[in-house]
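**Student:** Mapping the sequence shown onto the working numbering, position 98 (from 1) lands on 284, and the numbers just tick up by one.
Worth double-checking, as some hints may not be accurate.
To be verified - SDA-like mimics (lysine to any residue), calculated; alpha carbons at most 25 Å apart, straight line:
{"#": "1", "residue 1": "K259", "residue 2": "S287"}
{"#": "2", "residue 1": "K259", "residue 2": "I239"}
{"#": "3", "residue 1": "K259", "residue 2": "G243"}
{"#": "4", "residue 1": "K259", "residue 2": "L221"}
{"#": "5", "residue 1": "K259", "residue 2": "Q237"}
{"#": "6", "residue 1": "K259", "residue 2": "L278"}
{"#": "7", "residue 1": "K259", "residue 2": "P288"}
{"#": "8", "residue 1": "K259", "residue 2": "T248"}
{"#": "9", "residue 1": "K259", "residue 2": "C270"}
{"#": "10", "residue 1": "K259", "residue 2": "I245"}
{"#": "11", "residue 1": "K259", "residue 2": "N227"}
{"#": "12", "residue 1": "K259", "residue 2": "T320"}
{"#": "13", "residue 1": "K259", "residue 2": "R269"}
{"#": "14", "residue 1": "K259", "residue 2": "R249"}
{"#": "15", "residue 1": "K259", "residue 2": "G279"}
{"#": "16", "residue 1": "K259", "residue 2": "L214"}
{"#": "17", "residue 1": "K259", "residue 2": "A247"}
{"#": "18", "residue 1": "K259", "residue 2": "S271"}
{"#": "19", "residue 1": "K259", "residue 2": "A281"}
{"#": "20", "residue 1": "K259", "residue 2": "Y280"}
{"#": "21", "residue 1": "K259", "residue 2": "L242"}
{"#": "22", "residue 1": "K259", "residue 2": "R294"}
{"#": "23", "residue 1": "K259", "residue 2": "S308"}
{"#": "24", "residue 1": "K259", "residue 2": "I246"}
{"#": "25", "residue 1": "K259", "residue 2": "I289"}
{"#": "26", "residue 1": "K259", "residue 2": "L225"}
{"#": "27", "residue 1": "K259", "residue 2": "N234"}
{"#": "28", "residue 1": "K259", "residue 2": "T313"}
Read the hints as simulated data drawn from the structure, not as lab findings.
Only a predicted model underlies this, so the values are computations on that prediction, with no experimental measurement involved.
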Amino acid sequence: MSPSERLAVPAQVLGVPARALDAGDLVLANRLVTLELVLPNITHEINNALQVIGGLGEIIATRPGISEDVAQKLQRIHGQAVRCSGLLRDLLGYARRDEASPITDVPRCLDRALNLRRYHLSRARVTVQIDPETEGPVVARMDSQHFEQVLVNLVVNAEQSLAGHPDPVVRVAYARDAADVVLTVHDSGPGIDPSQQETYFQPFMTTRSGALGLGLTASRALAHAAGGTVAFVGPAAVQMRVPAG
187 MSPSERLAVP
197 AQVLGVPARA
207 LDAGDLVLAN
217 RLVTLELVLP
227 NITHEINNAL
237 QVIGGLGEII
247 ATRPGISEDV
257 AQKLQRIHGQ
267 AVRCSGLLRD
277 LLGYARRDEA
287 SPITDVPRCL
297 DRALNLRRYH
307 LSRARVTVQI
317 DPETEGPVVA
327 RMDSQHFEQV
337 LVNLVVNAEQ
347 SLAGHPDPVV
357 RVAYARDAAD
367 VVLTVHDSGP
377 GIDPSQQETY
387 FQPFMTTRSG
397 ALGLGLTASR
407 ALAHAAGGTV
417 AFVGPAAVQM
427 RVPAG
């Protein structure tokens with residue numbers, strides 16, 4: 187299923203909205219939709235500038251008479267420009283509605299998803315632990331953009347639940363389990379009351395100012411469309427289970 191196609195998701199999977207949208211919510215939703223339209227142009231312009239910066243840095247570093255110290259700094263400029271170009275490609279791929287793959291290389295997708303949040307995780311001093319519990323390739327039979335969207339949603343959810351808590355840790359574990367790929371995002375925060383977990387999957391359910399409250403709802407819908415599930419498996423652990431590729 188392409189990300190541009192409508193998801194065939196039953197109403198009971200989406201749940202009953204936890205609240206009505208107000209004017210601020212609608213403005214935010216419109217801003218996010220508009221961002222999708224302008225993002226390709228912005229990333230193209232920034233990437234062009236980075237190509238010039240990185241390319242000139244690399245050329246100047248090879249000129250005769252350049253000191254070793256200056257050459258190293260110029261190479262570092264080139265390396266950072268290449269790194270930023272890669273991040274822009276990841277960001278554009280995440281926002282795009284097409285060119286997805288019907289299967290997902292889980293480790294590679296996880297790396298891309300974490301790259302999109304690396305700055306925020308670092309700034310919040312969140313330690314991220316990746317725990318592959320299966321040897322060899324792990325491939326999910328799910329649209330790659332959908333899988334990445336779920337990953338970003340679950341990581342952001344874990345990250346935000348750690349705000350203000352000491353020694354914040356997010357652990358992402360993945361493995362094959364019979365015919366499924368199982369991915370679990372744990373955090374060291376206080377967690378939720380497991381008996382109330384369905385409340386957190388309701389559309390527009392949020393405890394944070396400025397948030398729409400659609401992350402877990404969308405994650406469950408995307409997993410369901412691929413023949414999988416998303417559910418809490420502990421007070422501070424959310425698990426996605428989808429068919430293996």
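**Student:** Each hint: holds or not?
**Tutor:** Against the structure, the hints come out as follows:
1. K259 with S287: 38 Å, violated
2. K259 with I239: 13 Å, holds
3. K259 with G243: 9 Å, holds
4. K259 with L221: With Cα atoms ~35 Å apart, K259 and L221 exceed 25 Å; violated.
5. K259 with Q237: It holds: about 17 Å lies between the C-alpha atoms, which stays within 25 Å.
6. K259 with L278: 29 Å, violated
7. K259 with P288: 42 Å, violated
8. K259 with T248: Distance ~12 Å between K259 and T248 Cα, so the pair holds.
9. K259 with C270: 16 Å, holds
10. K259 with I245: At roughly 13 Å apart (the allowed maximum being 25 Å), I245 and K259 satisfy the hint.
11. K259 with N227: 30 Å, violated
12. K259 with T320: 40 Å, violated
13. K259 with R269: 15 Å, holds
14. K259 with R249: 14 Å, holds
15. K259 with G279: 30 Å, violated
16. K259 with L214: The hint is violated at about 41 Å.
17. K259 with A247: Since the Cα atoms of K259 and A247 sit roughly 8 Å apart, the hinted pair holds (cutoff 25 Å).
18. K259 with S271: 18 Å, holds
19. K259 with A281: 33 Å, violated
20. K259 with Y280: With a Cα-Cα distance of about 32 Å, the restraint between K259 and Y280 is violated, given a limit of 25 Å.
21. K259 with L242: 13 Å, holds
22. K259 with R294: Violated - the C-alpha atoms of R294 and K259 are around 30 Å apart, more than 25 Å.
23. K259 with S308: Given that 25 Å is the threshold and the Cα spacing comes to 24 Å, the pair holds.
24. K259 with I246: 11 Å, holds
25. K259 with I289: Violated, because 40 Å separates the two Cα atoms, which is more than 25 Å.
26. K259 with L225: Not satisfied, since the Cα-Cα distance of roughly 31 Å exceeds 25 Å.
27. K259 with N234: Holds, because 21 Å separates the two Cα atoms, which is no more than 25 Å.
28. K259 with T313: Given that 25 Å is the threshold and the Cα spacing comes to 29 Å, the pair is violated.
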